[in-house]
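Engineer: Below are the chains, spelled out letter by letter.
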Amino acid sequence: AQTVTQSQPEMSVQEAETVTLSCTYDTSENNYYLFWYKQPPSRQMILVIRQEAYKQQNATENRFSVNFQKAAKSFSLKISDSQLGDTAMYFCAFMKHWDDKIIFGKGTRLHILP
Amino acid sequence: DTEVTQTPKHLVMGMTNKKSLKCEQHMGHRAMYWYKQKAKKPPELMFVYSYEKLSINESVPSRFSPECPNSSLLNLHLHALQPEDSALYLCASSQDLKGSSYNEQFFGPGTRLTVL
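Respectively, the protein sequence lines represent chains D and H. Residue numbers for the first sequence follow my numbering, beginning at 194 and rising by one. Residue numbers for the second sequence follow my numbering, beginning at 26 and rising by one.
The hints are simulated quantities; they were obtained by calculation from the structure and are not laboratory data. Just so it is clear, the structure is predicted and the values come from calculations on it, not from any experiment. Virtual Cβ for every residue (Gly too), placed ideally from N, Cα, C. A hint or two may mislead.
[Unchecked claim] In silico EDC-like pairs for lysine to aspartate or glutamate, Cα to Cα no more than 16 Å straight-line:
(1) D:K248 x D:E222
(2) H:K78 x D:E208
(3) D:K289 x H:E129
(4) H:K66 x D:E203
[To be verified] Computed spacing ranges between beta-carbons, pair by pair:
(5) H:K34 x D:G278: 15 to 23 Å
(6) H:E28 x D:T196: 30 to 38 Å
(7) D:Y247 x H:H104: 41 to 49 Å
(8) D:D274 x H:M52: 28 to 36 Å
(9) D:D274 x H:P94: 26 to 34 Å
(10) D:T196 x H:P86: 33 to 41 Å
(11) D:P233 x H:Q120: 18 to 26 Å
(12) D:E254 x H:Q120: 19 to 27 Å
(13) H:Q120 x D:Q195: 16 to 24 Å
Just need the whole structure built from these sequences, with the hints factored in.
Structural biologist: The structure is reproduced here in structure tokens:
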């Protein structure tokens with residue numbers, strides 16, 4: 194069975210700072226996807242970034258980038274130049290190829306302070 | 026249209042009531058999902074419909090009854106719920122392209138359900 198672990202329940206950083214959210218996972222699969230989802234307070238969940246396990250290059254989306262270490266089963270999210278709108282719950286998630294089921298971590302609540 | 030809509034936004038019901046949650050998408054997606062999310066917890070998958078057929082039921086109690094009348098619409102019928110069923114119910118959809126190893130799920134805003 195797959196598991197996703199987020200060891201930081203809550204974090205706070207000042208606006209414009211860089212912050213890194215940690216995630217580790219456990220799987221015996223070789224082909225899978227990893228995700229970071231953002232769920233702002235009282236707003237819907239959106240996909241921030243996706244990484245295919247077979248790709249060595251780390252995914253980036255504007256201010257968001259990941260550090261994917263496949264051997265270590267680690268998948269951290271870096272948010273650069275953080276903004277107030279980045280305040281949200283962030284979920285790290287896993288999905289096997291050809292599957293419909295997303296396995297979510299417990300989440301990290303991120304507060305961006307003015 | 027890249028939205029998944031859910032109605033109602035909020036619902037309060039008694040344990041003897043029967044109510045329904047509705048989810049709609051017009052993105053041509055052929056897979057639709059129901060999730061349950063308790064406060065400060067991750068979403069938990071309940072049901073998956075693929076091409077209007079139920080493909081996954083995560084051992085959900087029978088007081089929750091899903092229905093997929095057509096490819097754009099997904100309902101969740103509720104009957105004899107318990108207070109512990111109070112949660113945010115999220116709907117999602119994806120293309121479910123055959124031959125694709127990955128289909129991104131798009132989430133709706135959810136229905137916040139309170140069972141008294």
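Engineer: Take the hints in turn and mark each one as holding or not.
Structural biologist: The hints, checked one at a time:
Proximity of K248 (chain D) to E222 (chain D) is assessed by CA-CA distance (about 15 Å); at most 16 Å being required, the pair is judged to hold. Pair hint K78 (chain H) plus E208 (chain D) does not hold up; C-alpha atoms about 47 Å apart against a cutoff of 16 Å. A threshold of 16 Å between alpha carbons decides the hint, and for K289 (chain D) with E129 (chain H) the separation of about 13 Å falls inside it, so the pair holds. Between K66 (chain H) and E203 (chain D) the CA atoms are separated by roughly 13 Å; this keeps the pair inside 16 Å, and the hint holds.
Range check, K34 (chain H) to G278 (chain D): about 22 Å between beta-carbon atoms, so the 15 to 23 Å window is met. Roughly 32 Å separates the CB atoms of E28 (chain H) and T196 (chain D), a value that falls within the hinted 30 to 38 Å. Roughly 45 Å separates the CB atoms of Y247 (chain D) and H104 (chain H), a value that falls within the hinted 41 to 49 Å. Distance hint check for D274 (chain D) and M52 (chain H): the Cβ-Cβ separation is about 32 Å, which falls inside the suggested range of 28 to 36 Å.
A C-beta distance of roughly 46 Å is found between D274 (chain D) and P94 (chain H), which places it outside the suggested range of 26 to 34 Å. At roughly 25 Å, the beta carbons of T196 (chain D) and P86 (chain H) sit outside the given window of 33 to 41 Å. Checked against the hint of 18 to 26 Å, the pair P233 (chain D) and Q120 (chain H) passes, with Cβ atoms roughly 25 Å apart. Between E254 (chain D) and Q120 (chain H) the beta carbon distance is about 20 Å. The supplied range of 19 to 27 Å therefore holds.
With their beta carbons about 23 Å apart, Q120 (chain H) and Q195 (chain D) fall inside the hinted range of 16 to 24 Å.
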